[in-house]
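Visitor: So the chains spell out like this:
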Amino acid sequence: DQQVKQNSPSLSVQEGRISILNCDYTNSMFDYFLWYKKYPAEGPTFLISISSIKDKNEDGRFTVFLNKSAKHLSLHIVPSQPGDSAVYFCAAVSGATNKLIFGTGTLLAVQP
Amino acid sequence: DAGITQSPRYKITETGRQVTLMCHQTWSHSYMFWYRQDLGHGLRLIYYSAAADITDKGEVPDGYVVSRSKTENFPLTLESATRSQTSVYFCASSLRDSRTEAFFGQGTRLTVV
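Chains A and B, in that order, give the protein sequences. Residue numbers for the first sequence follow the numbering used here, beginning at 1 and rising by one. Residue numbers for the second sequence follow the numbering used here, beginning at 1 and rising by one.
Treat the hints as calculated values from the structure; they're not laboratory data. Take these hints with a grain of salt, some might be off.
[Claimed, not checked] Heads up, simulated BS3-like pairs for lysine-lysine below, C-alpha to C-alpha not over 30 Å straight-line:
{"hint": "1", "chain 1": "A", "residue 1": "Lys38", "chain 2": "A", "residue 2": "Lys54"}
{"hint": "2", "chain 1": "B", "residue 1": "Lys57", "chain 2": "A", "residue 2": "Lys38"}
{"hint": "3", "chain 1": "A", "residue 1": "Lys99", "chain 2": "B", "residue 2": "Lys11"}
{"hint": "4", "chain 1": "B", "residue 1": "Lys11", "chain 2": "A", "residue 2": "Lys38"}
{"hint": "5", "chain 1": "A", "residue 1": "Lys99", "chain 2": "A", "residue 2": "Lys5"}
{"hint": "6", "chain 1": "A", "residue 1": "Lys56", "chain 2": "B", "residue 2": "Lys11"}
{"hint": "7", "chain 1": "A", "residue 1": "Lys68", "chain 2": "A", "residue 2": "Lys54"}
{"hint": "8", "chain 1": "A", "residue 1": "Lys37", "chain 2": "A", "residue 2": "Lys5"}
{"hint": "9", "chain 1": "B", "residue 1": "Lys11", "chain 2": "A", "residue 2": "Lys68"}
{"hint": "10", "chain 1": "A", "residue 1": "Lys5", "chain 2": "A", "residue 2": "Lys56"}
[Unchecked claim] Stretches of chain B that chain A covers, calculated by requiring three or more beta carbons in the stretch to come under 8 Å of a beta carbon on chain A:
{"hint": "11", "segment": "17 to 30"}
{"hint": "12", "segment": "34 to 41"}
{"hint": "13", "segment": "67 to 74"}
The C-beta atom is built at its ideal place from N, Cα and C for all residues, glycine as well.
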């Protein structure tokens, strides 16, 4: 049973435009959310995170939005650059278990 | 070298054999994790450890054994490898807990034939 879902396996965006990656979760005990980026043949790297007490967190070109009532979060990348092309994983943490649970990933392709 | 390293990078083994994947980190991070990456499943947590001698099951622990006698090492053992355990395995560590940034190794590609 997938507790963290990324329903879009892939996304293609033009350079300079906005990329929006979506993530849904089912476990209401999740209280912290993170995004990781992964290039081929490398391990994932941390991108940005958000606590459940906030609804937005921004870091440069990256912004994460959290809608707790909908159990939905999204990552916005503005403007998108070709170097952003990678697989993006959404992850969630439950305070009760301290497990870091990942979603299935979305492959972002930014076209020059 | 500083950081988190996994060995071997590639491994082919036969069904039924015992295999151990190694993970070593130099930061003295408290938490360590093992994930497997499979197409359509993303990254699934196998086991994690909050400190030396403290381990707990993740989402898919069956068929795997871990130990953490020293803070810096977190080996993952497949007791009797099966074809379904063919995957890319990632080890990670984080300073305090799962909310702090996790640093991943480069992965071990394991093929069970």
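Visitor: A separate judgement is required for each hint: does it hold in the structure or not?
Guide: Against the structure, the hints come out as follows:
1. A:Lys38 <-> A:Lys54: holds, 25 Å
2. B:Lys57 <-> A:Lys38: At roughly 24 Å apart (the allowed maximum being 30 Å), A:Lys38 and B:Lys57 satisfy the hint.
3. A:Lys99 <-> B:Lys11: With Cα atoms ~28 Å apart, A:Lys99 and B:Lys11 stay inside 30 Å; holds.
4. B:Lys11 <-> A:Lys38: holds, 22 Å
5. A:Lys99 <-> A:Lys5: Given that 30 Å is the threshold and the Cα spacing comes to 16 Å, the pair holds.
6. A:Lys56 <-> B:Lys11: violated, 42 Å
7. A:Lys68 <-> A:Lys54: holds, 9 Å
8. A:Lys37 <-> A:Lys5: holds, 16 Å
9. B:Lys11 <-> A:Lys68: violated, 42 Å
10. A:Lys5 <-> A:Lys56: holds, 20 Å
11. 17 to 30: violated (count 0)
12. 34 to 41: Check passed, 3 qualifying residues.
13. 67 to 74: Violated - the segment 67 to 74 of chain B has 0 residues with a Cβ nearer than 8 Å to chain A, which falls short of three.
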